[in-house]
Amino acid sequence: MKTKLQQFKESYFLYSFRRDMVAMASFVVLVFFLVIAFAAPWISPMDPYDSANIDIMNSEIPPMWMDGGSMEFPLGTDNQGRDMLSTMFYGLRTSIIIGLGAVAIQAAIGIVLGLMAGYLGGKTDAILMRLADIQFSFPYLMVAIFMSAIFQVVFGAGSFEQLAIPLLTIIIGLSNWPMFARTIRASVMGEKNKEYVEAARVIGLPQRIIMFRHILPNALTSVMVISTIQVANAVMSEAALSFLGLGMPVTKPSLGSLIRSGQEFFFSGSWWITVLPGLWLVLFVLVINLLGDWLRDVLNPKLYKG
Amino acid sequence: MTTNHTPLLRVQDVVKHFDISGGFLDQLRFKGGIHLEKTTVKAVNNVSLFVNKGETLSVVGESGCGKSTLARVILGLYRPNAGKIFYDGQRIDTLTHEQWLPYRRKMQMIFQDPYASLNPRKTVRQTLEEPLRFHNPKMTSQEAMDKVAYVMEQVGVDPAWIARHPHEFSGGQRQRISIARGLILDPDFIVADEPVSALDVSIQAQILNLLMDLREKHDLTYLFITHDLSVVHHISSRVAVLYLGTLCELASANDLFNEPRHPYTRALLSAIPKIGEKKAKHIKLKGEVPTPVHLPSGCVFHNRCVFARDRCKKEFPRLNELPNGSFVSCHGVEEGWPMA
Chain A
1 MKTKLQQFKE
11 SYFLYSFRRD
21 MVAMASFVVL
31 VFFLVIAFAA
41 PWISPMDPYD
51 SANIDIMNSE
61 IPPMWMDGGS
71 MEFPLGTDNQ
81 GRDMLSTMFY
91 GLRTSIIIGL
101 GAVAIQAAIG
111 IVLGLMAGYL
121 GGKTDAILMR
131 LADIQFSFPY
141 LMVAIFMSAI
151 FQVVFGAGSF
161 EQLAIPLLTI
171 IIGLSNWPMF
181 ARTIRASVMG
191 EKNKEYVEAA
201 RVIGLPQRII
211 MFRHILPNAL
221 TSVMVISTIQ
231 VANAVMSEAA
241 LSFLGLGMPV
251 TKPSLGSLIR
261 SGQEFFFSGS
271 WWITVLPGLW
281 LVLFVLVINL
291 LGDWLRDVLN
301 PKLYKG
Chain B
1 MTTNHTPLLR
11 VQDVVKHFDI
21 SGGFLDQLRF
31 KGGIHLEKTT
41 VKAVNNVSLF
51 VNKGETLSVV
61 GESGCGKSTL
71 ARVILGLYRP
81 NAGKIFYDGQ
91 RIDTLTHEQW
101 LPYRRKMQMI
111 FQDPYASLNP
121 RKTVRQTLEE
131 PLRFHNPKMT
141 SQEAMDKVAY
151 VMEQVGVDPA
161 WIARHPHEFS
171 GGQRQRISIA
181 RGLILDPDFI
191 VADEPVSALD
201 VSIQAQILNL
211 LMDLREKHDL
221 TYLFITHDLS
231 VVHHISSRVA
241 VLYLGTLCEL
251 ASANDLFNEP
261 RHPYTRALLS
271 AIPKIGEKKA
281 KHIKLKGEVP
291 TPVHLPSGCV
301 FHNRCVFARD
311 RCKKEFPRLN
321 ELPNGSFVSC
331 HGVEEGWPMA
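One line per chain: the protein sequences are A and B, in this order. Counting from 1, one number per residue, gives the positions in the first sequence under this note's numbering. Counting from 1, one number per residue, gives the positions in the second sequence under this note's numbering.
Hints are computed from structural coordinates only; laboratory data are not their basis. Just so you know, these numbers come straight off a predicted model, no measurement behind them. Fair warning: there could be bad hints in the mix.
A short, non-exhaustive set of chain A residues, derived as facing chain B with CB atoms under 8 Å [as the list claims (entries may be wrong)]:
#1 Lys194
#2 Glu198
#3 Arg201
All residues carry an ideal CB built from backbone N, CA and C; glycine is no exception.
Turn these sequences into a full structure, and let the hints guide you.
Right, here's the structure in full:
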């Protein structure tokens, strides 16, 4: 008997990973990002969310390699005097939390509905897929505007600051579930006519068990691929919402709200407030997408199983 | 169809049609006014047969003649459009999922393709334990393990391989595991849907012998679906011949092979190559098998039958019992037309 670790060492998955320079590099960068994001409170020079640390006199200091820059703020400060480096670490953290949370919500809704639509077929399928079409035809920005408007009426504008992260997670999560539902449905429809499903029915297993224990594990490869790409999409959505002022508040900036707060000062010469978090975001989304591409190629059985 | 004892399984006038007409717009027709037209595949039409306890009934026919559909209707995977199915005297085609459960233990199925019939994500142990645990919730894991090991030995798979996944086995071994799954609940009745046709010829004999040994040991009754006539004679007590979803002839294996009555059966049997035969007496049928979407009128075989007369085009022949106990549905046999 081989152990799981040995199996993994000999797997095609690892083999193709080690041969693909792009995937390896992306993975290293991604791990670097994740470590930074989750270690942000310990490694950043200051806590940008604590207003006691912020001195307005320090605002718009350029990065240290430029005239007027100082070692105290290696990447300069924003318009409120926050250290850019620390704010970018914290912003990345917020973006990742919202991205992962949103994908978890999307996956939970999408997998359940997609499985039901694909396996039960007929009217259930028709209703669920039309629901997905309707959901898709709403731009998520419009949903976000509605929801934050409703939210502010119900809870009052003051509490928005504390609840911005869960709210954004839910908005982005709810608006993208049809992607998962459609992908899952397609793979379930391919699996459900295989004989092992009929064998499970002959045993007398209930539909619920057949769907979740027999069909779902065989449809999960497509979920893995789409999840990685959806994390990148969710991070982008969060940045877009924050950029429009519908996302994270200025006191707790994510990368998107940082870019937004900088664009007012862009033409007065303080380019770093916008450009640095922008590059940071682009690099993060890029490595996720590159890894997702590689994963799609590896998990595509047609490419190696013949 | 009358029998003087209760057969284990009785299928009575079962009809299964599949609607393939699609949505509303696909059904719309404009010929002769606007109306909706449904397109159905008539997979099984008025099939009646019975299986006695302890026998092996083979169902033979060309591909697409409804053999597999019949098997799935019998096991409740499809609901029949009409007709009745009795198991041990109890009607089973109208049962709900929960009412079916006791019969699931008694009726099991072996599938055609051993590469598709085992869940690729489950180990042999998981595949074999699942039915046991589901039907015997109180079973301890030691009991379940013992039972799995016992059945694996029975089908000739080393119990040491219990933790492996299906892709680590060859086709023949997979089919043995698939048979083990069919046996693990100690069923009385097994439907085998072309269990050897996806295997190498060298393995086919092994699997067939295994199935026959298991029948002896466990007192099983088989409904054996196949298109391979050469194996039918060896393994079956009786044979049912299907053509276009209709039963042509149901007779004991010896009667059928020595003296086929229905014109289709004769043509089918004449296609078996025999060793040492100088001149092939192959009966050549004209035309193609019609599609099951548009069945021919009357006897479904009439447009290819060399003996067909006017009555065959108009009237669907009933299944008649002959003095030797065979059943044939043919006007010619019924009226004694000269058929040589």
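Evaluated hints:
Contact between A:Lys194 and chain B, as hinted, is supported at the beta carbon level, the nearest pair being about 5 Å apart and thus within 8 Å. Using the Cβ-Cβ criterion of 8 Å, the hint placing A:Glu198 at the interface with chain B is satisfied: the shortest such distance is roughly 6 Å. Among the interface hints, the one on A:Arg201 holds; its C-beta lies about 6 Å from the nearest C-beta in chain B, closer than the 8 Å criterion.
Checked against the numbered hints given earlier, the structure satisfies every one of them.
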